[in-house]
Amino acid sequence: MNPRMDVRLGPLRLRNPVLTASGTFGYGREFAPLMDVNALGGLVVKGLSLKPRAGNPPPRIVETPSGMLNAIGLANVGLERFLSEKLPWLRQLETAVIVNIYGHSLEDYAAVAAGLKGVEGVAALEVNISCPNVAQGGMAFGTDPVTSARVTEAVLKNSDKPVIVKLSPNVTDIRVIARAVESAGAHAVSLINTLTGMAVDVERRRPVLGNVSGGLSGPAIRPVAVFMVHQVARAVSIPVVGMGGIMNARDALEFIIAGATAVQVGTANFVRPATALEVLAGLEAFLEAHGHASIAELTGALTTG
Amino acid sequence: MPGPVPEAEATGMRDHTCELLFQHAVAPRTFLLGLRAADLASRARPGQFVMVRVGEATDPLLRRPFSICGIRPPDVLLLLYRVVGHGTDLLSRTPPNTRLAVLGPLGQGFRLPAPGTIPILAAGGIGIAPLIFLAQAVGDGGLRLLCGYRSQAEVIELGRVLPLTCAPQIATDDGTAGHHGPVTDLLHAAMRNLPPDRLRLFVCGPPAMLRAVARIGRELGSPCQVSLEAHMACGFGVCLGCAVPSADVNAGPYWHVCQQGPVFDAAVIDWQTPGKNT
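Taken in order, these protein sequences are the chains called A and B.
Numbering of the first sequence is given in our numbering, commencing with residue -14 and proceeding in unit increments.
Numbering of the second sequence is given in our numbering, commencing with residue 572 and proceeding in unit increments.
Keep in mind that the hints are not guaranteed to be accurate.
[Claimed, not checked] Derived coverage of chain A by chain B (criterion: at least 3 residues anywhere in the stretch with Cβ under 8 Å from a Cβ of chain B; other residues may be distant): (1) 13 to 20; (2) 36 to 46; (3) 52 to 58; (4) 80 to 93.
[Unchecked claim] Per label pair, the in silico range of CB-to-CB distance: (5) B:Arg731 / A:Ala286: 57 to 67 Å; (6) B:Ala708 / A:Pro37: 47 to 57 Å; (7) A:Pro117 / B:Pro777: 47 to 57 Å; (8) B:Asp836 / A:Ala278: 29 to 39 Å; (9) B:Gly730 / A:Ser198: 41 to 51 Å; (10) A:Gly122 / B:Ala760: 20 to 30 Å; (11) B:Arg782 / A:Arg190: 55 to 65 Å; (12) A:Val209 / B:Ala748: 44 to 54 Å.
Just so you know, these hints were derived from the structure itself, not from any lab.
The structure presented is a predicted model; accordingly, all values stated were derived computationally and were not measured.
Each residue gets a CB set at the ideal place from its N, CA and C atoms; glycine is no exception.
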């Protein structure tokens, strides 16, 4: 018998636990010539803001050992064009479409959430809290438990969708933030966002990236991500979505056994566009080979001590 | 089971597995590589590119973009590249019969010169790669090919790539081969006494050279297409890493090299601003 692959993130039901991460999968349609997008557990679209945003000056990306730094600057089409140009195609999909949202003030977050309220074809929101808070001198919302909770509340108050809060790893203790957003009512957390990093052009003595710093992703960050998922899964009782450098099913299994209910494939989508489906097939094969009836049996199945 | 997605866009882009047929050095650290790629060879247009995965490991992690340098009918796709880092070094050591993941064809190619126009192709260094494919497609009816190199050692003998009938003019920075000076000297000479509005400039090379040729085209009134290069992670409009400043206020502040390019009308590029913010 085929193992059961369906999972629940609070009120959100997914046909399987493999999602694609925001910023690495466009608006889904870009991948349609390369893979069956409908076979995914869900897809998370490019981070959406109230107004369109053109992004940072180039260079915007640089490769690093087993990873990449990006400073795209959250370029996106904005709420209005998302609804008119991107959503009609996404709405035809059978898989869960999760919209990643961000803002630079509580009002921004509330407005994007409100703009997606009642909108058919949007299964859930994922809230990026790693953005600078203009009202607090540019400190990222997600580095402080109080502002993290306020963003979560602002989104929940203006939304009728399940809300997943995406946590930043650039904090002293990620469990504190996770507990804060859980208390504020988040239905799930996803982690980790990129780790802040920098590369220097030694000949020119300049930062490689136009933005100076960028977000590190790819296999280089996987051990950090797995440990944070492990920590957060033990600190909260809401579901955890794990991500960070997943390239294959074994990588995904590390996150699941460490405590993740679902996983997101990110940077690997650039390298092998159909990676997420290979991960899914690999998970099914692993469950069958080990005699498990469902993927849920493996979530948090870690033995320590 | 979920059904197929409603409508797969007909871009022709596929993730191919291609056999590496051969590769050999055509100049120091410069390699000509042949792939067996029937589908790509039949679809690719001059100026388009492919993303090649170099090895199975995670370092290098990302695919590398390469201009398509030409087709040997019916099914061989040619790439011409210079070793500039870890990824291209590894590729240059990849033996024949290796199977490589090749995504493509990608991007917008050159608009071919209309009958009655006079195409002038100007290359800087390894920027010759997409222009060889263009020369192959256009044939040599009145075509001029101008190649700039730093020195004689870098000069690529084009006959080893494809049987082109037009003889390229050479310029070198150090005067060890051809004209002693920049390739723009050859361009000025080639344009002299010809009606500027009938000339069509096609350029690929380092940024300073592109900027110089774009200015010449603008000042003399000759339409100019440039093939740009940028760091990119995906090659098909997802990572948004390959932004270049736009001079078209209606189009927004940036173009993306992988989707709207790599070939652009020189007039739509903002040549002054290396990076501008929103």
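Status of the hints after comparison with the structure:
Residues of the stretch 13 to 20 of chain A with a Cβ under 8 Å from some Cβ of chain B number 6, which satisfies the need for three, so the listed coverage holds. Only when three residues or more bring their CB closer than 8 Å to a CB of chain B does the claim for the stretch 36 to 46 of chain A stand; here the count is 9, and the claim holds. With 5 residues carrying a beta carbon less than 8 Å from a beta carbon of chain B, the stretch 52 to 58 of chain A meets the three-residue requirement, and the given coverage holds. Coverage of a stretch by a chain is defined here by at least three residues with a beta carbon nearer than 8 Å to that chain's beta carbons; for the stretch 80 to 93 of chain A and chain B the count is 1, and the condition is violated.
Distance hint for Arg731 of chain B and Ala286 of chain A: a CB-CB separation of about 59 Å, consistent with the stated range 57 to 67 Å. Separation of Ala708 of chain B from Pro37 of chain A is about 37 Å and departs from the stated range, judged on CB atoms against 47 to 57 Å. One distance hint, 47 to 57 Å for the beta-carbon pair Pro117 of chain A and Pro777 of chain B, is violated here, with the actual separation near 36 Å. Here the CB-CB span from Asp836 of chain B to Ala278 of chain A is close to 60 Å, at odds with the stated 29 to 39 Å.
For Gly730 of chain B and Ser198 of chain A, the hinted distance range of 41 to 51 Å is satisfied, since their beta carbons lie about 48 Å from each other. About 58 Å separates the C-beta atoms of Gly122 of chain A and Ala760 of chain B, a value inconsistent with the hinted range of 20 to 30 Å. The hint said 55 to 65 Å for the Cβ distance between Arg782 of chain B and Arg190 of chain A, and at roughly 23 Å that hint is violated. Distance hint check: the CB atoms of Val209 of chain A and Ala748 of chain B are about 52 Å apart, consistent with the given range 44 to 54 Å.
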